[in-house]
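Asker: Construct all of the structure, not just a fragment, from the sequences and the given hints.
Protein chains in written order, with the numbering used here: chain Y, 1 to 509; chain W, 1 to 114.
Don't take each hint at face value.
[As the list claims (entries may be wrong)] Listed next, the in silico DSBU-like pairs over lysine-lysine satisfying Cα-Cα at most 35 Å (straight line): (1) Y:K156 x W:K24; (2) Y:K124 x Y:K224; (3) Y:K224 x Y:K372; (4) Y:K87 x W:K111; (5) Y:K87 x W:K72; (6) Y:K124 x W:K53; (7) W:K81 x Y:K150; (8) W:K24 x Y:K150; (9) Y:K424 x Y:K348; (10) Y:K149 x W:K53.
The set of hints was computed from the structure by calculation and includes no laboratory data. Quantities reported herein were computed from a predicted structural model and do not represent experimental measurements.
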Amino acid sequence: MHIDCLSNPDNQQVDVIISTVPWTDSAIPLMAPAALKPMVEQVGMTCLGVDFNVEIYNATLYQHESTASKQSQIFYNADVYNLVPHKSPGHLINFFFHGVGHPDINDWLYDMFESAARAMLSWKPKFIGLSLFSYVSRHSCEWLCYHIKKLSPDTKIIIGGAGCLEQFTGPSTFADNMLERGLVDYHIRGDGEHALKQLLLGNTSYPGINSVDWKEINNQELAKLPYPDYSDYDFTRYKKQMLGIQGSRGCVRACTFCDYITNWTKFQWRTGEVIFEEMKLQYSKYGIRVFQFQDTLTNGNLKEFNKLIQLLADYNESNPSESFHWGGYYIFREQSANDEEMWRTMAKSGAQILSVGIENLNEDIRYAIGKKFSNKSITFHIEQARLHNIRLDLLFIVGYVTETQHHIDQAKIWLDNHVQYQDKILLSWGGTLGIFPNTWLDRNKARTGTIMIGNSPQQWVNPSIGSTVALRAQWVQDLIEHSEKLGYNVMSNQIDNHFVLEQLINTDV
Amino acid sequence: MNAVMIHDGKECPGFSVDLTLPTKLTLVVSGKNMKLDTKIDKDGKILEDLYIKIIGVTLDGFDPGVNFLHQKIKLVTQDGKVLTNPYLGFNGHVDFIMDQPTVFQQVMHWKNVA
Numbered sequence: 001m002h003i004d005c006l007s008n009p010d011n012q013q014v015d016v017i018i019s020t021v022p023w024t025d026s027a028i029p030l031m032a033p034a035a036l037k038p039m040v041e042q043v044g045m046t047c048l049g050v051d052f053n054v055e056i057y058n059a060t061l062y063q064h065e066s067t068a069s070k071q072s073q074i075f076y077n078a079d080v081y082n083l084v085p086h087k088s089p090g091h092l093i094n095f096f097f098h099g100v101g102h103p104d105i106n107d108w109l110y111d112m113f114e115s116a117a118r119a120m121l122s123w124k125p126k127f128i129g130l131s132l133f134s135y136v137s138r139h140s141c142e143w144l145c146y147h148i149k150k151l152s153p154d155t156k157i158i159i160g161g162a163g164c165l166e167q168f169t170g171p172s173t174f175a176d177n178m179l180e181r182g183l184v185d186y187h188i189r190g191d192g193e194h195a196l197k198q199l200l201l202g203n204t205s206y207p208g209i210n211s212v213d214w215k216e217i218n219n220q221e222l223a224k225l226p227y228p229d230y231s232d233y234d235f236t237r238y239k240k241q242m243l244g245i246q247g248s249r250g251c252v253r254a255c256t257f258c259d260y261i262t263n264w265t266k267f268q269w270r271t272g273e274v275i276f277e278e279m280k281l282q283y284s285k286y287g288i289r290v291f292q293f294q295d296t297l298t299n300g301n302l303k304e305f306n307k308l309i310q311l312l313a314d315y316n317e318s319n320p321s322e323s324f325h326w327g328g329y330y331i332f333r334e335q336s337a338n339d340e341e342m343w344r345t346m347a348k349s350g351a352q353i354l355s356v357g358i359e360n361l362n363e364d365i366r367y368a369i370g371k372k373f374s375n376k377s378i379t380f381h382i383e384q385a386r387l388h389n390i391r392l393d394l395l396f397i398v399g400y401v402t403e404t405q406h407h408i409d410q411a412k413i414w415l416d417n418h419v420q421y422q423d424k425i426l427l428s429w430g431g432t433l434g435i436f437p438n439t440w441l442d443r444n445k446a447r448t449g450t451i452m453i454g455n456s457p458q459q460w461v462n463p464s465i466g467s468t469v470a471l472r473a474q475w476v477q478d479l480i481e482h483s484e485k486l487g488y489n490v491m492s493n494q495i496d497n498h499f500v501l502e503q504l505i506n507t508d509v
Numbered sequence: 001m002n003a004v005m006i007h008d009g010k011e012c013p014g015f016s017v018d019l020t021l022p023t024k025l026t027l028v029v030s031g032k033n034m035k036l037d038t039k040i041d042k043d044g045k046i047l048e049d050l051y052i053k054i055i056g057v058t059l060d061g062f063d064p065g066v067n068f069l070h071q072k073i074k075l076v077t078q079d080g081k082v083l084t085n086p087y088l089g090f091n092g093h094v095d096f097i098m099d100q101p102t103v104f105q106q107v108m109h110w111k112n113v114a
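Answerer: Here it is as structure tokens:
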């Protein structure tokens, strides 16, 4: 099999290859190889940074119409990407999720792993770094490493990314198993830029290298990180001509359910000017003017956010034929006097789709979570978004520790009363609430009356209010059906809903 | 009563072998005396038994999965019966047929959903 991003017709040599690992449901370039390539080069090594995922993703795309893609029609540029469909994309996806075979795919997958390993090794790298965006890349990673090590046991393999971790905190069973079996040599966790650099310099005791503890990058370090280098990417392969960008790490909120903040404990941000400069530079290099923020929130630092949107708005006004557009995660705050002006500027800045963690349509629950904005403010922000033609993806968690049938009924009433926004908002009901290790909810189980009944974060009950796994799963289904019946756009999330569907089948839990 | 696994003339709780695919690996169960080594009460209930239970098989470290253990291990007894079970309680043999050319294809073949 010819793997375009790894082909080496001139028999060149690099010190390090950084690659994504299939399969990630992403129609835009995955950032990690581009972000890490300049870090490798800072230590005087050469690097090939490629998005292997996109070639395999395209093979599965023919029948698998990405949920994320469907909801981002506004960014489509469907005519330009190269699509090489496999005849059984469903079986391929089944392999990536579950590691199982099928006669239609086994030979194809073998060819893919063998060819990828050979193509990588044709560059004679000393190190191969594999980035796992989610757990769906694990089976591929395992087999790819196996084929690489079979061919070249001395080539050092490094893995990293959220896909290596079962949970943000604590040991990684997957990575530890890969290390024990000799399939990889190093696992980097947390902020990988400096750890990778130190590893390449020989400092393998740096925090985050084969260790649970790691070192967070601070504001000054974040500001000094080089811009991602996409020069090894082939943009004709992407369905959406869009680049990822990072404005911050960590979060300004302390939501009770969140395990992200147990891992990234401090909010770190880049300035509006630096982000704007990166956008301009990437446009000049790659001709792409649409950016997707990859951080948890774009407007964590309001001062810098306002600076950024003003810079973008001014630029767009002066350059109407070359205007920038962007999307990302956004937090609602309680309505304030300046907000109408801010929404106007956001629209001018090119904001197109904002994903907002509403979590719950009941104020008491939202306040208990730590999101202190009223229902009145939600309606205000949605109305502003509608006025300025900005699409909102509203993200929810169903079945908070205090949630009862009454709250579900109230949520349905809210939906009944806001149908006028059905084509401007996308509802993502997600899965049911999970109690993840080291979160506030985990530390306060006695206080909230919750009891874990299994190993999965979703397997908990609250006997005092009759909250069970099956009931919460049923609530998700009810809310999906109710909102679909009313004509809302509803996100169908295969991964989140897997657990819900399992619980609906296994209702005795 | 203790059953022992013999590999290369030595007792072992488990073993690994170097193989070149495709190939067939045969596991032989022998020496069990059905009259002495399986004790049953007057109602036919087994009180004590001598058996080997296969608890795991891996190929180059890759586990073919729980379905493999329960659906693909077939003990052919000395009188020709085929028992599909990882619990080997009769004299006979189990053939592990590995007819695929590579480890990946063999493991996937075992894990085929079709």
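Asker: Indicate, hint by hint, whether the structure satisfies it.
Answerer: Against the structure, the hints come out as follows:
no.: 1; hint: Y:K156 x W:K24; in the structure: holds (34 Å)
no.: 2; hint: Y:K124 x Y:K224; in the structure: holds (30 Å)
no.: 3; hint: Y:K224 x Y:K372; in the structure: holds (34 Å)
no.: 4; hint: Y:K87 x W:K111; in the structure: holds (20 Å)
no.: 5; hint: Y:K87 x W:K72; in the structure: holds (28 Å)
no.: 6; hint: Y:K124 x W:K53; in the structure: violated (45 Å)
no.: 7; hint: W:K81 x Y:K150; in the structure: violated (40 Å)
no.: 8; hint: W:K24 x Y:K150; in the structure: holds (22 Å)
no.: 9; hint: Y:K424 x Y:K348; in the structure: holds (18 Å)
no.: 10; hint: Y:K149 x W:K53; in the structure: holds (32 Å)
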